[in-house]
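The listed protein sequences derive, respectively, from chains F and S. Under my numbering, think of the first position of the first sequence as 29, with each following residue one higher. Under my numbering, think of the first position of the second sequence as 29, with each following residue one higher.
Derived from the structure by calculation, the hints contain no laboratory data. Virtual Cβ for every residue (Gly too), placed ideally from N, Cα, C. Among these hints, one or two may not hold up.
Claimed, not checked - Now the in silico label distances, taken between C-beta atoms and shown as ranges: (1) F:Thr-156 <-> S:Arg-299: 46 to 54 Å; (2) F:Met-29 <-> S:Arg-299: 52 to 60 Å; (3) S:Asn-35 <-> F:Lys-109: 56 to 64 Å; (4) F:Val-105 <-> S:Ser-291: 45 to 53 Å; (5) F:Asn-30 <-> S:Asp-80: 50 to 58 Å.
There are 2 protein chains.
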Amino acid sequence: MNFINLNCPPLPYFIVGGGCVYRPGDIHERRTIRNVFDLIYVHSGTLYLEQDPFRVELNAGQFFIITPDTPHRGSRVCQEKTTTSWVHFYTNGKYSLSDEFYPDNITRRAAPKFYYSPQNFILSLPRTGTVPEANREKLEKYLQRMNLVSFSKYTQKKSFPSSVRTPFEIQNDFIEFLQVLYAPYCYSREKESIARTLRDYLDAHYTEEISLNDLARQYSYSPSHLIRSFHQAYGASPMQYLKKLRIEHASQLLLHSDAAIQSVGEMVGLRIPSYFIRVFKQEIGITPAQYRMFYAEENGGSETP
Amino acid sequence: MNFINLNCPPLPYFIVGGGCVYRPGDIHERRTIRNVFDLIYVHSGTLYLEQDPFRVELNAGQFFIITPDTPHRGSRVCQEKTTTSWVHFYTNGKYSLSDEFYPDNITRRAAPKFYYSPQNFILSLPRTGTVPEANREKLEKYLQRMNLVSFSKYTQKKSFPSSVRTPFEIQNDFIEFLQVLYAPYCYSREKESIARTLRDYLDAHYTEEISLNDLARQYSYSPSHLIRSFHQAYGASPMQYLKKLRIEHASQLLLHSDAAIQSVGEMVGLRIPSYFIRVFKQEIGITPAQYRMFYAEENGGSETP
Chain F
29 MNFINLNCPP LPYFIVGGGC VYRPGDIHER RTIRNVFDLI YVHSGTLYLE
79 QDPFRVELNA GQFFIITPDT PHRGSRVCQE KTTTSWVHFY TNGKYSLSDE
129 FYPDNITRRA APKFYYSPQN FILSLPRTGT VPEANREKLE KYLQRMNLVS
179 FSKYTQKKSF PSSVRTPFEI QNDFIEFLQV LYAPYCYSRE KESIARTLRD
229 YLDAHYTEEI SLNDLARQYS YSPSHLIRSF HQAYGASPMQ YLKKLRIEHA
279 SQLLLHSDAA IQSVGEMVGL RIPSYFIRVF KQEIGITPAQ YRMFYAEENG
329 GSETP
Chain S
29 MNFINLNCPP LPYFIVGGGC VYRPGDIHER RTIRNVFDLI YVHSGTLYLE
79 QDPFRVELNA GQFFIITPDT PHRGSRVCQE KTTTSWVHFY TNGKYSLSDE
129 FYPDNITRRA APKFYYSPQN FILSLPRTGT VPEANREKLE KYLQRMNLVS
179 FSKYTQKKSF PSSVRTPFEI QNDFIEFLQV LYAPYCYSRE KESIARTLRD
229 YLDAHYTEEI SLNDLARQYS YSPSHLIRSF HQAYGASPMQ YLKKLRIEHA
279 SQLLLHSDAA IQSVGEMVGL RIPSYFIRVF KQEIGITPAQ YRMFYAEENG
329 GSETP
């Protein structure tokens, strides 16, 4: 269970952030925090943490996210001066855990049904990891901005860095911060695969007949490798993606052309009318004819705002 | 009712964004959008809009936010080529309208009760306004990134700019975008007043006896001017702010020192014990003694994560 998958909306929400400096011999407290995620990031030194079944040794640039309601504690005293930041955040939404990064990288194109209701997505955060060297300065800048309470075990004193940032700015900082944490996972998947090439091909050729076997032949990969790569990058198979793409274009044509239902199907590469209607209904919930009628009425023939 | 005040959490959530180019003689549709805010921004030309009781003429760099469920329409045809962007967003939370900017600029310091639950705040967005010249490039960059569907009245064609941004990145763009819109309102209030100076003074001198009349004398303003300025900037009076500040420091001292309750009161400038206890209870809900006991137990004597 290496990834924490937050269902959005709502977006995760920042509660408070701070810093703590440990002396050699100090140890992280044993505790359980209700309803709150606790992210710990190490600037320098090494922090030893345990949250069943994890036992981690966090060095500079590494982080760990403790899930709510789970006991955790230091597993070993610090061997040297160790400087850390922490961020408490929460979500009102559901979350789940998974072994693999849950990719949700496809921003849906704007089909009419998406104009008026939010597109849910999964934000998959690594439970622990190393922030790439190149991103640390940026990440630490956001941590600095969210640093509302600092504690030093040397002086046993708390300080409250006076913040001139407004509540909304700090939420903004937090979202940016998560973005920095999340981006490498998100993109490494896309880069290391042929998924992007494949997606561009589908975007350009969805009006034609396309089969998975043809794609496999064209790119000299096995069908299963294509499916795996595409799924890793985008969270869907190439054919699932193609289906969505076609239906989205079809829905546009239904509203912005007078083409017959059957022609619309043809124009998006779904040549068999009954199949087109079935797929459309699967995706959108109503038939193409109902869709045209419903949206044309509601929006006076155009959904352009 | 010039401001739209969103209760956060949750943060407002992006649905879809796009662009529309109007020809001379074109007019914005008459429509009502359910549950969705519709923000319109003009890049060039002029768009004429009406949403009872507003009638606006939007020029380059100006925007208008249409609230959900309210009929609106173009009030006049475009006189020249007019290029616009629009953003649909929504919130699951409540919102209200007000004539004045609702300032909520104080980021609470991290008192223990704030470690584990979100701090609600109000995000006050101007319903209409002009984006300062200096911010337009930045704002338009975010609009560009959120542009998922473009429509031109010249060609009567929709296009779907292929986005390589993930759903989370686009939410991030949207929050940044709102920040750019919101920041000038937020800060102009603070800058044009002596509020900041006053706040710094309170932060430094809260351990001393402070009265509003003394402050007024010291800064050569009337007490009511001080209250008004401070309230405009931070949404609270100076004495309300001072009270919060003192109680937050007191709560820290209760947990991290062995000082008697009475001494704690003295250390934060509340010298009369019964008054200290009353104020503490007002703010935190329990007495200082209960507080010390309760949090000391729960967090093993320390709430440092």
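Evaluation of the provided hints:
Separated by about 49 Å at the C-beta atoms, F:Thr-156 and S:Arg-299 satisfy the suggested range of 46 to 54 Å. At about 54 Å, the CB distance of F:Met-29 to S:Arg-299 agrees with the hint of 52 to 60 Å. Against the hinted window of 56 to 64 Å, the Cβ-Cβ separation of S:Asn-35 and F:Lys-109 comes to about 43 Å, which falls outside the hint. For the pair F:Val-105 and S:Ser-291, the supplied restraint of 45 to 53 Å is violated, since their beta-carbon distance comes to about 33 Å.
Here the CB-CB span from F:Asn-30 to S:Asp-80 is close to 54 Å, well matched to the stated 50 to 58 Å.
The structure fails hints 3, 4 (numbered hints given earlier, in ascending order).
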